[in-house]
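Colleague: What follows is each chain in one-letter form.
Number of protein chains: 2
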Amino acid sequence: MELLKQRILEDGYLIGDSILKVDSFLNHQLDPELIKEMGREFAGKFANQGITRILTVEASGIAVALMVGLELGVPVVFAKKKQPATFVEDIYTADVYSFTKKEKVSICVSKRYLTPQDKILIIDDFLAMGAASRGLVSIVEQSKAELVGVGIVIEKAFQPGGQELREKGIRVESLARIGAFENGQIVFA
Amino acid sequence: MELLKQRILEDGYLIGDSILKVDSFLNHQLDPELIKEMGREFAGKFANQGITRILTVEASGIAVALMVGLELGVPVVFAKKKQPATFVEDIYTADVYSFTKKEKVSICVSKRYLTPQDKILIIDDFLAMGAASRGLVSIVEQSKAELVGVGIVIEKAFQPGGQELREKGIRVESLARIGAFENGQIVFA
Numbered sequence: 001m002e003l004l005k006q007r008i009l010e011d012g013y014l015i016g017d018s019i020l021k022v023d024s025f026l027n028h029q030l031d032p033e034l035i036k037e038m039g040r041e042f043a044g045k046f047a048n049q050g051i052t053r054i055l056t057v058e059a060s061g062i063a064v065a066l067m068v069g070l071e072l073g074v075p076v077v078f079a080k081k082k083q084p085a086t087f088v089e090d091i092y093t094a095d096v097y098s099f100t101k102k103e104k105v106s107i108c109v110s111k112r113y114l115t116p117q118d119k120i121l122i123i124d125d126f127l128a129m130g131a132a133s134r135g136l137v138s139i140v141e142q143s144k145a146e147l148v149g150v151g152i153v154i155e156k157a158f159q160p161g162g163q164e165l166r167e168k169g170i171r172v173e174s175l176a177r178i179g180a181f182e183n184g185q186i187v188f189a
Numbered sequence: 001m002e003l004l005k006q007r008i009l010e011d012g013y014l015i016g017d018s019i020l021k022v023d024s025f026l027n028h029q030l031d032p033e034l035i036k037e038m039g040r041e042f043a044g045k046f047a048n049q050g051i052t053r054i055l056t057v058e059a060s061g062i063a064v065a066l067m068v069g070l071e072l073g074v075p076v077v078f079a080k081k082k083q084p085a086t087f088v089e090d091i092y093t094a095d096v097y098s099f100t101k102k103e104k105v106s107i108c109v110s111k112r113y114l115t116p117q118d119k120i121l122i123i124d125d126f127l128a129m130g131a132a133s134r135g136l137v138s139i140v141e142q143s144k145a146e147l148v149g150v151g152i153v154i155e156k157a158f159q160p161g162g163q164e165l166r167e168k169g170i171r172v173e174s175l176a177r178i179g180a181f182e183n184g185q186i187v188f189a
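The listed protein sequences correspond, in order, to chains A and B.
For the first sequence, the numbering used here gives the first residue as 1, with consecutive numbering after it.
For the second sequence, the numbering used here gives the first residue as 1, with consecutive numbering after it.
A portion of the hints provided could be inaccurate.
Below are the DSBU-like pairs computed for lysine-lysine, each with C-alpha atoms no more than 35 Å apart in a straight line [unchecked claim]:
hint, chain 1, residue 1, chain 2, residue 2
1, A, K102, B, K81
2, B, K81, B, K5
3, B, K101, A, K101
4, A, K104, B, K168
5, B, K102, A, K5
6, B, K144, A, K36
7, B, K81, B, K36
8, B, K168, A, K168
9, B, K5, A, K104
10, B, K101, B, K21
11, A, K101, B, K5
Here chain A is said to cover these stretches of chain B; the calculated rule only asks that three of the stretch's residues, wherever they fall, bring their Cβ under 8 Å from a Cβ of chain A [claimed, not checked]:
hint, stretch
12, 4-12
13, 133-145
Quick caveat, the hints were computed from the structure, so don't treat them as lab data.
From a predicted model like this one, the values you see are computed outputs, not experimental measurements.
All residues carry an ideal CB built from backbone N, CA and C; glycine is no exception.
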């Protein structure tokens, strides 16, 4: 997605040698028009697949997933990172290690909102080590729903998450794939 | 907003005597079309006010705030509940006690995304005791931006949060105001 790549080059910046910050339009401040375009891109890539629900994880995945759900005309479910005291029903859970937050969290989804009849598209903002995506895939597997694919805004192709998912036979579509950070510069794959 | 009230009556349910769960369309699963309509409602109420940014707090506020931002053509900033390891810049912070999660969290916003020149609309999903809204108002005050108003999806009018904000002279607009839970039934104000 050219518009996204341009924006990453304009507004993204690196911290250390592996963390890309895109807080000005995706992870802290949101650019609604750009995110709407992301929704259209994903909806185009996964059109006519019979998708019944979008699955993401709070918080940064919600905005993009919402726009995909709007385009495809299906509900969006976001996994919660902490089981709220008001969650009294049965849940699916998976453990996810966050490399940026340096902690393990359990994500959970109520069994009400994923059924064996569902065809699920997973949407998330970043794919790097693959921890969050693996957790979401595990939740889909637990629900016995069909996983149609995984849509990622920014994939760091030099980290193993994407390859691992593809080797499992999962269709992964990324709007921007970063091949390397070289001398403080972003190089797309 | 009639569409929302109907949906609350159809899909909402009570836990104990003060917690309303609307997980099927707002807090866990999202109904993109309904949330788009909420965005339109808020955009109509706060049109022509010169709003430059929407402020909300992760996670449940993001979806509605995004749709308001899309309608008004302005960016959306979501306060984070935990300062990420990748946050290296100056931040505004406020402490917020969550009555549903039974814990105090610090919310934070980077100083990059709120400036004294901004005219801010705060958007959140629920207003009950007012803890989250107070935290967001405090962050706007710290930034010296102008607070145009607060838009709330569901206000529990029988709890003091809304009244406190209005007594401070803040314009509060709620799409649905609940006056009471009587014998397990939802009564609108």
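Colleague: Give a verdict on every hint.
Modeller: Hints versus structure:
no. : hint               : result
1   : A:K102 with B:K81  : holds (15 Å)
2   : B:K81 with B:K5    : holds (29 Å)
3   : B:K101 with A:K101 : holds (20 Å)
4   : A:K104 with B:K168 : violated (41 Å)
5   : B:K102 with A:K5   : violated (41 Å)
6   : B:K144 with A:K36  : holds (30 Å)
7   : B:K81 with B:K36   : holds (25 Å)
8   : B:K168 with A:K168 : violated (56 Å)
9   : B:K5 with A:K104   : violated (38 Å)
10  : B:K101 with B:K21  : holds (13 Å)
11  : A:K101 with B:K5   : violated (38 Å)
12  : 4-12               : violated (count 0)
13  : 133-145            : violated (count 0)
The structure is inconsistent with the numbered hints 4, 5, 8, 9, 11, 12, 13, although it conforms to all the rest.
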